[in-house]
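Residue numbers (this note's numbering), protein chains in the order written: chain F, 1 to 686; chain H, 687 to 1200; chain E, 1201 to 1299.
Just so you know, these hints were derived from the structure itself, not from any lab. Take these hints with a grain of salt, some might be off.
Claimed, not checked - Computed footprint of chain H on chain F, listed as stretches where at least three residues anywhere in the stretch have a Cβ under 8 Å from a Cβ of chain H: (1) 185–195; (2) 201–209; (3) 212–221.
Heads up, the beta-carbon is just placed ideally off N, CA and C, and yes, glycines get one too.
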Amino acid sequence: MLQNAWLVPSLPAAAFLVILLFGKRAGKSAAWWGITAVAASFVASCVAAVQWVQRVDDATGTSNGLAAFTKGVVTTNDVHHVVKPVTESVTWWQNGAVKFGVGTYVDGLTVLMLVVVTLVSLLVQIYSVAYMRGDRRFTWYFAALSLFTASMLTLVVAENTIQLLVGWELVGLCSFMLIGHWWEEPENSRAAIKAFLTTRTGDIGLMIGIIVLFFTVGSFGVGATNLYATGAGAHHDLLLAAAVCLMVGIIGKSGQFPLHTWLPDAMAGPTPVSALIHAATMVVAGVFLGARLYPVFFNGFSIASGGVNFMALIGGVTIVIGAVLAFVQHDIKKVLAYSTISQLGYMVMALGVGAWSAAVFHLFTHAFFKALLFLGAGSVSHSAGHTFDMREMGGLRKPMPITFWTFLIGSAALAGIFPLAGFWSKDEILVNAGANGFDAFLIVGLIGAFLTAAYMTRAVWLTFFGEFRGHGHPHESERLITGPLVVLGALSVGAGVINAAPLGLEKIKDWIEPTFAFPVVGHAAFDYPKAVLSVGIAVVAIGVAAYYWYRNAERPLLSGLTQRSPLARAGYRFLVNKYYLDDLYEKVIVGGIQGAVARATYWFDQHVIDGVVNGLGRGTTQLAHYTYDIVDQRLVDGAVNELAHEADQAGAELRRVQSGRVQRYALLLFGGVGILSLALFLTNTI
Amino acid sequence: MQWFDDSALTLAAFIPLVGLALVLLIPGAKEQAIKVTALVASVAAALVGVGILADFDYSHAGRLQFTIDKPWISVIKARYHMGIDGIALPLLILSMLMVVACVIYSWNHFPEPHSPKGFLALILLLEVGMNGTFIAQDLILFFVFFELVLLPMFFMIGVWGGPNRQYAAIKFFLFTLFGSALMLVSFLAIFFLSKHQTFQMNELAQLGGAGIAHGTQVLVFGGLFLGFAIKVPMFPFHTWLPDAHTEAPTVGSVLLAAILLKLGTYGFIRIALPILPSAARTWAPYIGLLAVIGIIYGALCCLAQRDMKRLIAFSSVAHMGFVMLGIATLTSFGLNAAVFGMVAHGLITGMLFFIAGSVQERYGTREMRRLGGMLTQIPRLGWILGFCVMASLGLPGLAGFWGEFPAILSAYSPARLAPGLLNGDHLLTFRIFMVVAAIGTVLAAGYLLSMYQRVAFGSVGAEFESAHVHDVHVPEWVAWTPLLLLITALGVYPNLLFHMSNGAVTNVSRIFGG
Amino acid sequence: MELNEFLILSAFLFCTGIYGVLARRNGVLVLMSVELMLNAVNINLVAFSAFTKNVSGQVFALFVITIAAAEVGVGLAIVLLIYRNLHSPDLDEVDQLKG
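Chain F on its own, in the form it takes in the complex (with noise of 0.2 Å):
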């Protein structure tokens, strides 16, 4: 499997085409050609893990006979031993005497990622199933969802930047189409566009990143990429300026500060995309970008001599940004959008102090427990009376207890609190950032800590707590949807295990850091001091805000203080209005260009460009009146015409003469004679 995992894109691949071309005969059931498809995508990415896994075993001496699976063990010395990914690759394109190929690149983040994937991408579908039923689109919705699920499989297998490029827009693309679901509002297809536009803007850095990786690498690959950076010979600042092109993109994708506007308007999209889009899979594709090429970032921003550096700085400031404007919303999802924001913050961060794999541990918790909360505020709103708005909800722990119990789950996970998944991945990352030495880091996640636990209980209190406030009769969803609730709720709550070191369990770092071309980074002891510190933290955080929440359930958030206090309203405009960022950007920029610049633009090509091309003919043809007025009609035409007057004038004159009298002719014909004859005689004479 490892050496043919591109299967695991192609079957989704297969299904989009099949539901595309025979969808909309076929009904229904064509939601169950999708699911099928991602299932046996799942089951090849299972074995491919379990081969992975095996090859790794073998490789360290940990191996219990299961060799044959596996091939092209490479061990580099006796104390590191080195596993090689496996790549395939095909002839893609080529300029002058180079290939370039398109393929697959397996090792140990390739499989979690694809684990991750099929298995967050099946539990949706099926959940979608219930939740489309009876939409305008559902077959097409399915069709996106399988084009989706191939993308994303498309670009973590990718052997090669150019390819990890296309994965990463026809996630886009796929993020666009269903944001936009429900294109008939204005709203939903503004929302998708202003997604795409906004990711895209980021992509102009991931463009140019992979384009100096490239002529400073000499090629595409990523394993070459990786062996540069690593090696000795590495122009340093070259890849600076690949990595801070490269964070360009992640910030774009990832929803960083300061491009993450456009993840809590992309809540106009399906819940269903919401959590399998923008919080499991495509959000995080840009801190899976950041640790595919981690070496290039590792050595880039210089992680490792400590130190403030960009993509830390970038993580933290978007951890805090995003869980304090949690606190404001009055959108269920869109609470959990800010919350995404602010997890994909610690993901950066934990990149930018050197925690690799702490990094890709949360990343693989929070797609379970972001998933999970996503699903259920679905659940909630599919059977309290379609609405997300928590102003309408309330008290519906009793009617929905399987809702009520899982989300419960996925929000303990997220808040940190122990055992749940989110405590090992989040503690491993608040751990490292001390022990690599960046404080303010770990401080600025503690704050974040805190932040998140208050936030949800919020969220958790005002959905399901108290008096129920909305219309209708709430009630627990169907099978279908929450059988995924439920999976994923094991999920959030034993996941964390793979990587508990207290337990001796440190799987994220023996399977899947890598090995082959990967930078020495250190990995902290488990400190229970810190651990203690952070739930604690957390513990405090829920039980003030239950407190403040409790006695305040009626009323909107600080609406006393908004009242006393002038500089507590700014703050809280300034919260509602999210930093004006939208503003900035939409109106100023975006208005700017398509407004002001773009008509400008537009005037001076009519006006001067045009203006130009005009007037030259405007005064070629002027030149040929002139031409033919002045010179032509007065000068050449006007001598012709002379002549014409003066012969016409002297025939005027003449014709007096003829005046038809014959004694006038007489009389002339006798004085000529006359006249001759004194000549004659004159002449004669003299």
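Put chains H and E on the given structure of chain F with help from the hints.
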């Protein structure tokens, strides 16, 4: 198959002419017979193209194949010299394909004033010129075909065009004629200044401007530049394009965008660069500058448009900017990207113009404010438009990407150029171009998506709510399916085209050390 | 007799004829004046013929008389037609050939 090798290119160029003669012989009243004759002629030409495609030696794509070289006008040493290599082949095939698609598309809806006889005759005449330009290997022969294209397009716009057609037709004609006059002067200068006094492109390319002083070369290149840049069109010579496109009938717009613009870029790669390489090094930074200005400028003008067709016309300015940026780098990456970009732009923008025509036919307007909700009313056309919009904004996996990305890539490291902008630091110059071009891709996404949002999303306006609008017709399906399939195929497996162009492109880039 | 006497007579006749042609308005009188001029010429011819002993002058005179007769015939016919059309022999009224 020796006879085929010997005569394939003559057939490719002149089968449409035979078709034209036959069409003219049939009385105008027999429309069906005229249509069938025109279709048969264009399909026959396309079949010759398929034969060439099958018989082409791809492992030597850089070598001229199917050559014909006979004396023609011996007094001026002009020869009937034709040949095809990996750069010309895809463009020739594109031209043949687009003509067939256009004939099929026009089947049931000829623009006013109806007259299929004249219309189809002009299309066939146009094909003679387009095919001939791509295969001519003699400067005079090239010029004849290059100019032959003008006439049918002039009449097509002037007779079958929109309300302002006469202005547009005359503007188009004069603008291009102005450029080609200077181009002819440059051809003559090349003839008289070069060592052997020849019009044969391959011989001139071998000489590579030897014996011509650098200053003279730069001037001569200027003439070629004007001739080709107007055709491309590059900023600031582009203003004929929006008017011509807005007024031209659908099929005219399609052929104009898909093929005619490529004559300019093809001229750069085939004639200007190899024949006058040292001048090309001097001109390259300025060409690159105009190219990136065109990218941003075209995009900004697009954002200000209300007419769908005019928007697509301006997007051509931006897209051809990428092609020209690739050419200006003088590297194999850039030139490969340029060839790919030409084909991709031909397919995609051709499709967009087809769709704009179909929208106009159905709704009677192209005003984007009045349109909307196409996806609900005519979903198939709406999806096809969405597909083409995505292809046009350079989405990877579709053809547009492979013209854009390598062009941006190539700007990172251009060939060795003569001192030019920024105190001759051409590396920095082109890297700035690269970033600007990359920003252009975002603007492209902006204007294309906002067009799509206005036209396809939302709900149908009250004006057209009760209108009976037909979804995609059969002739439209037949004409469009091959184009859509090609857009996808080239996007998924770009080597289909790169393995054709690469060999020929490296012949050119080798001159510049790339 | 001196030759001069003949010549003076002839000149007097000729001048009278010129006067008549130019001054008279009546067409018939103009014709008669023309006859006077012709006869003045005839006198000259005959006089020179007699003085030079050369008969050819007299022959010319005979021709002139003949032609004068014919001319008067045609001329009178024209005058008659003019009179018939204009009810006046006044030549001043005949200017249809005016340019």
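* Asked: Do three or more residues of the region 201–209 of chain F come closer than 8 Å to chain H, measuring C-beta to C-beta?
  -> holds (count 5)
* Asked: Taking 8 Å as the C-beta cutoff, is the stated coverage of the region 212–221 of chain F by chain H satisfied by three or more residues?
  -> That given contact holds, which follows from 3 residues of the region 212–221 of chain F lying within Cβ reach (below 8 Å) of chain H.
* **Three-residue Cβ test at 8 Å for the coverage of the region 185–195 of chain F by chain H** => Contact hint for the region 185–195 of chain F vs chain H: holds, 4 residues under 8 Å.
Every hint from the earlier list agrees with this structure, and none is contradicted.
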